[in-house]
Structure formats: structure tokens, C-alpha cells
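J.: Letter by letter, the chains look like this.
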Amino acid sequence: MIRNYIKAAIRNVIKHKKFSLINILGLIVGMVCSIMIMIFIQFELSFDGFHENKERIYRVALNVSWGDTRIEGTHTPAILTKTFYQSYPEVEISLRLKPFESGIEVKRDEKNFNEYRVTSSDPEFFQMFSFPLLSGNAEKVLKEPNSVVLSSSIALKYFGKTDPMGQVLTIGGIDYRVTGVMSDMPANSHFHFDIIVSLVNFDGIKSTNWLANDYRTYILLNKGVSLTKFEAKLPTLIKRYMFTKGNYDQWSSTGNFWTFYLQPLSSIHLHSDLSGEFEPNGNAAYVNMFLLVSICILLLAAANYMNLSTASSGSRAREVEVRRVVGATRFQLIFQFLSESILLSFIAMIIAVGMVHILLPFFGNMVQRPLIIPYQAVPWLIPGLLGMAITMGIISGAYPSFFLSSSRHVKQSQRNTGRISANSKLRNTLVFFQFAISILVLIGTFIVQKQLNFIMKKDLGFSKDKVIVVKTTTSMGSQSKPFKEALRKNSAILEVSGSNTLPGGFFNNSLVRPEGSDKGITMDISLCEPDFLNVLKLKMDKGRFFSHDSRSDSTAVILNQSAVNLLGWKEPIGRTITPGSDIPFHVIGVVQNYHYKSLHQAVRPAALALLNGSWNWWPEKFISLRIQGQNLPEIIKYLRSTWDKFNPGKPLEYSFLDEDYDSLYSNEQQTGILFFVFSVLTIFITSFGLYGLLSFNTHTRKKEIGIRKTLGATNWKLVHLFSIGFIKLLVIANLIAWPIAWYVMKIWLKNFAYHIDLKLSSFIFASILVFIVSFFTITFQTIKAARANPIDSLKYE
Amino acid sequence: MIETKNLRKIYTTEEVETTALNNVNLRLTEGEFVAIMGPSGCGKSTLLNVLGLLDNPSTGEYFFNGEEVGGYSEKQRTNLRKSNIGFIFQSFNLIDELTVYENIELPLLYRKVSPANRKKKVLKVMEKLNIVPRKNHFPQQLSGGQQQRVAVARAIVTKPKLILADEPTGNLDSENGEEVMDLLTQLHEEGTTIVMVTHSPSNAECSQRIINLFDGHVITENQMEEFQL
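Heads up: the sequence lines are chains A and B, in that order. Mapped onto our numbering, the consecutive letters of the first sequence carry residue numbers 1 to 797. Mapped onto our numbering, the consecutive letters of the second sequence carry residue numbers 1001 to 1229.
Treat each hint with caution, since some may be false.
Claimed, not checked - With a Cα cut of at most 25 Å, we get these calculated DSS-like pairs of lysine-lysine:
(1) K1121/B / K15/A
(2) K15/A / K537/A
(3) K7/A / K1119/B
Said to hold, decoys possible - Across the chosen pairs, the derived CB separations fall in these ranges:
(4) E1175/B / E704/A: 21 to 27 Å
(5) K1135/B / I390/A: 30 to 36 Å
(6) E1175/B / W716/A: 49 to 55 Å
(7) H699/A / S1058/B: 32 to 38 Å
(8) A398/A / F1063/B: 34 to 40 Å
(9) I707/A / S1058/B: 56 to 62 Å
In case anyone wonders, no lab produced these hints; they're calculated from the structure. From the three backbone atoms N, C-alpha and C, an ideal C-beta is built for every residue, glycine too.
With the hints as constraints, model all of the structure from the sequences given.
T.: What follows is the structure in C-alpha cells.
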């Protein structure tokens, strides 16, 4: 029986090639998109899921509100680990990590590179996390001072085929012995390190300063520990251990709080966006959005199939009646047509999987994830895909099957009334649904693009174009000054300045006390040189910037407008702020706010101090060059030769400030590209479906077209006849899509502290575009039918 | 075998009510060959659909082998039909996507006959109707006469007690038409009850009795003269 159905199905497909192609193509597009999105979602959800102890591993995060200072970050003090071990038996392991965030120089023999995926760690790293060790013992590899574990790629880079175990590697000028080699960390980890050095001999770990938040702390809770009960103890930890001299209750009664809380390991990638994340994380909101989009596209494809199948049902009416006559029950007919749609769905799935293999690398580039089809990671993948094919086949084929097998429908077709009105309500609903989705996705695309343009082009308060950034991972020491002077000799290099940080990068924040107050406020600190003003084209609001000639600038500070507003100083020049228990710094100027962090946040209070001045907490890490002219290769050549002269044997690493800064918006750029692609696909599927529907409409109404033409109808009159129904649906679709789009995009824009206003233009433009594409499709198909000789359709009357 | 009492069939749409059959009273015995004649639109095909359990009467009674089947559900009608009735249509109504063999095999598939038995029965019927050389051809590749022979083969492969033929020679030339009538006559001689709708008086002569319909009524010979039929 099934063989009979399959034979009939395949021959039907071949007989109605055009419609079969439209149907299969729609299903393929829907499946390819959905599969790729599912692979992306699976990858996002799989982060950190490979750790054996994942259910019990938590990162300790910090939430502080102290006066006007707010901190939400991943930095914690070294003493926290000691406190956990001493007083909290719930904690099996407390692990500190301190990455070298600006990179570090690594040397072996003549090999000399700056490495950026380097961290120091307590010895229990491999007991907490499940990163496989290829050599070395998990309990011992980081136990000894000056021990280091390398990833297999780094081991190959520095040692070639020689066994690195026991060998020496110089990291940041210090010799370390290789005690272990681990597999490269997988892509779906929220951090990636190639080099892990032991923290054992670091002085910093002995610090008892609760305000020295220099480490990331991860804890492994003992089995059976209640997370809620343990977390409830954390507020008392602050009171007991941090406020040993102060009165915690009095301090917190004014609304202040200082809380450690726990982030489950598996939630970090998609749900954490704190200051101090190791790497840019994903975003659960985007994952949900993509899931929604993939479902929409699948439903669009299913709607197409339903529409085309029911529209073409007239041509199957005779076959259905014959089968009924010779003994088929309704159930058997339903089963036959469902089998056909499932078969078509299977064919589409096979082709779709093939296309996914080809397209996935491109999609992975778009979403900036190394995506592969997870055959091993997801053992139920193939059954899942088969299930998807069957489900799509059933969803797409259910209504047509029930419709086609109904004797009421068949009799109506037998009487050949010319219009199958019984199914036109559903068809209209499906077309309306497709229009609404297309408009919704297009509106989203335009608004995302507008917001992206806005944040890319907004006046940031500084100029990021034409700035080359040289990374000086290890301090150049006395060579820094002559290096910069040599650079200035090139006329294409206008300004040069050293700094410890740059816009878009990581900023240290410090608690500072303004003069006349015991209350501290937190500010983001940049250490820079006098030429920094001109390199970034910052604008002064009051006072002056640092000067090469002023000795007192060593204890000078420049505040931004947000800092001045927070302090409430009308006349800030000459007033002082004091970092830590240090000396006071006098304010010499106020710089206009500039967006040194992304536009997701408002500009925080910030201060600039002189590099190598009295505020010497951090070394020079970057040398920035403002350039002019178009001959970039020549400038780079000069830069390289000058670098080599002053830093023989050290690799030059440089980037462009605009690219570095724009990468803050990688999520949004991703979204923009994806929305664009999805809107193209949505329009494609909708027009394809419309084309197929119209083909049937014009085919079944061939006689009517012939009669109307004979009676004098023009081509445009016929276009009007066929299009008016769809245009009414389009108008109604707008009425539904616009409010939904407004609501959704309003919520999305709230992610940005600075965003566009929602304007009608995006909505109108989206609707016009859908109208144009639909009208073009309708016109093309109708005029083609209208050009036929009426004699041909009226011949057999 | 078949008896109808005051059979009515009314088709209702939003605007119009059409009475296709009006108080039709019929009796057919087993083994009879009956022709139904009448002008276009008189209800012949409707009567055949009701007799063939393809449709239910609106009112009245329909007895098939002594059972009142007028109110049967679709499932009950399908079961009864596939066990007892074969159909032959004017426009053959073969499925274009199936070969000759597959078309003939179709009723047996719906009766869940085993593959081996199906093959045996289909080949036997094909031999009887001399269409074995065409078994792998599609209907589009056959002439009208050949297609009707395939349709006849499909109708008789299950050895039904009753064959309903709706204008079986309507789309055929005289030679092929004669061939089909010969087949029906032969089937009748073998004991099959045949009800045939026809416009052709010469075809009607092959039957044992003619039932005349006019505007949904069965009319007598006197009424035929009165209506000048």
C-alpha cells in the first residue's frame, strides 16, 4: 500500500514540476534556516556544559552600591578564597584566576611573541574544571611555584615536536617549567586560555585588602549543599570579615550594600554581562529572538505548502473520487496525502542537510561562532532531523489531506463550480500571516540597521578614525620616549601618546575621595600623556589638558563632565580628589564626556591622570598614533622599522582604534546581518508562495480570463481583478504587524542608553517594500496569463 | 437485490434547491441487466451514485440485499461498496500516475489482499480482457478503447455482484463501443447484475429491461408517449 502511495506521490511530483519545485524550495529554505539557527542555539546553550562538576561550579560576582558608586562586576579580592576555606565548609574548592588582560611576552629561544590568552591560577584549576590534560597530573600540575600548563597549540608553537614537559618557557621575564599540556580549550567555553601559570608564588594572593578586587573567584560547592542556604550566608560574610572596623549596619542603613553573589557556570555565557567578563558573552535575548525567527520561517514555509496544496486540490479531485469509488476510506486518503507531504518533506530535508554543510561556515562567520554540525555532541541529532521532517510534513500536509479527502469538497469539485470557496478562507489567512511576518521582519531589519548606523556614527566625543594602536605588552621602559619621538619625525604621523587604556578597552576603576568628604566615589581611570588630547581629539569643557612643560601635572587630574556632575562641583578647577590612601590630585581641567565604553551604557564618572606621574598604578600598555594621508602601507612600514629599531626581537602588534571600538557592537552587527538575511528569505518565501498561488488562480480561472478578454477587459483590469484580494490582505496585515513591531523594537532599543526614536518611516518603508514585491509578483503572473489567446481557453466549450 | 422506496435526492445550495430524484421506486433482481435511460439532467447519474452507495438519499429507503442502507455512514457505505460493487465510467477515470497494472490492482489494495493473490487476480483479469502487453503503460499511452477495457478490468477484478456503468461507451467509437458492450453482456451471462446508464438505444437493447427517467421521476411507457420521449 505504502509503495503505491510513494509511486503515485513521486509521479505526481514529476507531473507538476513547477509547483513541486516551489513547494520543495520553500520547505528547503525554511529547513536550512531553522537547522542553522538551531545549531547556533545549541552551541550557545552548550557553553561550559562539558564540565563534569558543572552543577556545582559558580563564579563569585560583586554587586556594590556605595553612595553614588555602583559596581556590578566579576572582580573579587584574593582574601575571599582564604575566607571561604576557613569559615565555609560548603565550599570544596575556591579558585582564583588572574588573567594578563593586556597580554604578556612569552619567549623561548628565538621565539618571542605577545600572548593574550594567559592567566595565573590557584593549583586546583584542573580539579574544578574538566579541561583534559594530555600530559601531567591534574592535582600536581600547578602545585609548585613557577609551573605552567600549556595548550597543545601553544606547546606546538614554542616547542615544535619536542616534548615540552620539564622544559622552560619565559613568561613576562620569568622562567616557568612546563608541568602539563592540556587540549585546546573548546570554543564553547566562556573563557579561553592557552597558558596557565601557577599563582602559588604570587605576592598578591596574600593580600588582606577587601577592596583590592584583582581576581576572579570560582567556587565548587560540596555535593548536597543547598545553593539558597549558602547564598543566604554571603551578606554576613561582608559584615563579619570586611567591616571589621566599621559599623556595617549603620553603613547599610543609608541604602549602601556590598554583596557577593553566585553565578551558575552554565548561565554565564548567555545571562552575564558584568564588568570584567573574560570575553564578550552571548545574549539570551538574541537566542530567543533567533529561535522565534526560525519558527516563523518554518511556519511560513509550511503555510506556503498548505496554500499551494489546497489551491491545487482541484486537479486531484478526480483521483480522490476514483480512489473512493474503488474502496478507499477517508482515513486511507488522509494517510495517502500525508505520506506525500512527508515524502516531500523528507526530500527537502535531505537537500537541506546537504546545503547546511555548505552554508554553515558562512553563517558561522556571520554570527562569529565556529559552528559545526554537532553529530557527536548531540547524539539525537539525526532522529531529531527526521522528526523535524515528519513534523513539517504533518503540519504542512494536515489541512490539505483532510481537505482533499473530504467527500464534500470532492463533490463541489465534481460540480466544477470553478472556485473552491471552501478553502479560500484558510488560504487568505495563510497569505495574511505571511504578509504580516514579512512586514514585521522588515521593520525589525530597518530599525536595527538605523540603530547600528546611529551608534556607529554618533558623535562619541572623540575621534576613532585614523588612529593606529600599538600594543606594548611589556613596558618599553626607557625606550618608550625615543620611540615616540622617532615616530613623530614621520610627517604622516601627527600625534603620538602612550596610555594604559583606550576607548573600547578595559578600564580600571578606583574609589576616590573628593576633598572635604569621607565618602568615596568610583571613577574609571585612564593614565595618558599630554598628546592624548590630540590623538583622540577630545574636547575640553573647562581648564586645560596635561602639558609637557608643567611639573605639577604629575599630581594633576582631569575629570569628565559625569564626574563633575556627580560631585556637584560648579567650580572644579583647583579642587582635589584622593585615590585610596594616596596623595591628593588637583583638578586642572574638565573634558567633555566621551564614550570610552559602548553606547549600551551612559558615560560613567571618569578621570585622567598623567602616565608615569604620581598616580602610577598601571604601566603604559598602548601607544596611539593619529595619522594622516592615504598611504597606510608606507606608514605601517615606517612603524615596523622604527619598532624593530627600539625593540629588537620583539613582535610588533598593532590594530586600528575604529575596528577595536566597533567590535563592542559585535552582537548588534550580528543581529543586523541576520535580520537582513532573514528579511530577504521571508520576502523570498512569501513571493514564491504568492507566485505559486497565482499560478493556480490564473490556471483555474483560465476560462474566466478568456471570457473577460473577449468581452473587452484590458491586461491591467485583469491585474486589478487578481490583485485586489491580496492587497486587502496586505493592508490588514500592516494593521496587525505595526503595533507588534513597535512594541518589540521599543523593548530592544531599551538595551541602549543612547538610541534612535521609533519613527513611522521604517514602518512605511517596510510596508511599501512588501507591497512592491507582492505587486510585481502578482502583475508578472497575471499579465503572463492575460496574454494567452482566449480562444485556447474557450475552445472546448 | 436492490429496492428503492420513494427515494428522493435534493441538492441544496445557498440560493437554489434542486430535486434530482423524486420518489423513485425501483426493484432489481440479482442477475438482471437493466438500462436506465432519459434526457440530460434527468437524474440518471444521481440515481447511479445513490445505488452505488456513493451518496445518501435525502429521503426514502434504499435496500441492498435486504438491508436498509440509505442512512449508512460513509465508512459503512465504503465497506459495503468495495465488497459488492464495481464501477465503469464514461470518461474511464483511470489514475494517470498509475500504470495499467497498478490501476487494476487498486481495489485489491484497499481490500488488503496479499501481494501474491493480487498478482494472480490482476493477471487473470488482464488476460481475460487482452491487455497484458499494456500492463506497464500509463493511461495517457492508451487509446480510448484500451482505457475502457482497463476500467472494466478494474471494475471486475474483485468479482463484484453488481456493476454500475455510467455511459460506458460515451467516449468511444462504434467499434470499441461494441467491444465494451460485448464484455458487459458476457459478464451478465456469467451472473453479474448490471445497471447501465445510456443514451444509446442500441446499447439499451443489450439489457433485459429499460427504466426511463424524466426530471427525477421513473416514468411508464404511456408517460413516455405523453412527454413525446
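J.: The structure should be examined with respect to each hint, and the outcome stated for every one.
T.: How the hints compare with the structure:
This hinted pair does not check out: K1121/B and K15/A have alpha carbons roughly 30 Å apart, beyond 25 Å. With a CA separation close to 70 Å, the supplied pair K15/A and K537/A exceeds the 25 Å bound. Taking the CA atoms of K7/A and K1119/B, the gap is about 17 Å. The hint holds against a cut of 25 Å. The hint said 21 to 27 Å for the Cβ distance between E1175/B and E704/A, and at roughly 39 Å that hint is violated.
The hinted window of 30 to 36 Å between K1135/B and I390/A holds, with their beta carbons roughly 34 Å apart. Look at E1175/B against W716/A: about 52 Å separates their beta carbons, and that is inside 49 to 55 Å. Restraint check, H699/A to S1058/B: a C-beta distance of roughly 35 Å satisfies the suggested window 32 to 38 Å. For the pair A398/A and F1063/B, the beta carbons lie near 39 Å from each other, so the given range of 34 to 40 Å is met.
Look at I707/A against S1058/B: about 34 Å separates their beta carbons, and that is not inside 56 to 62 Å.
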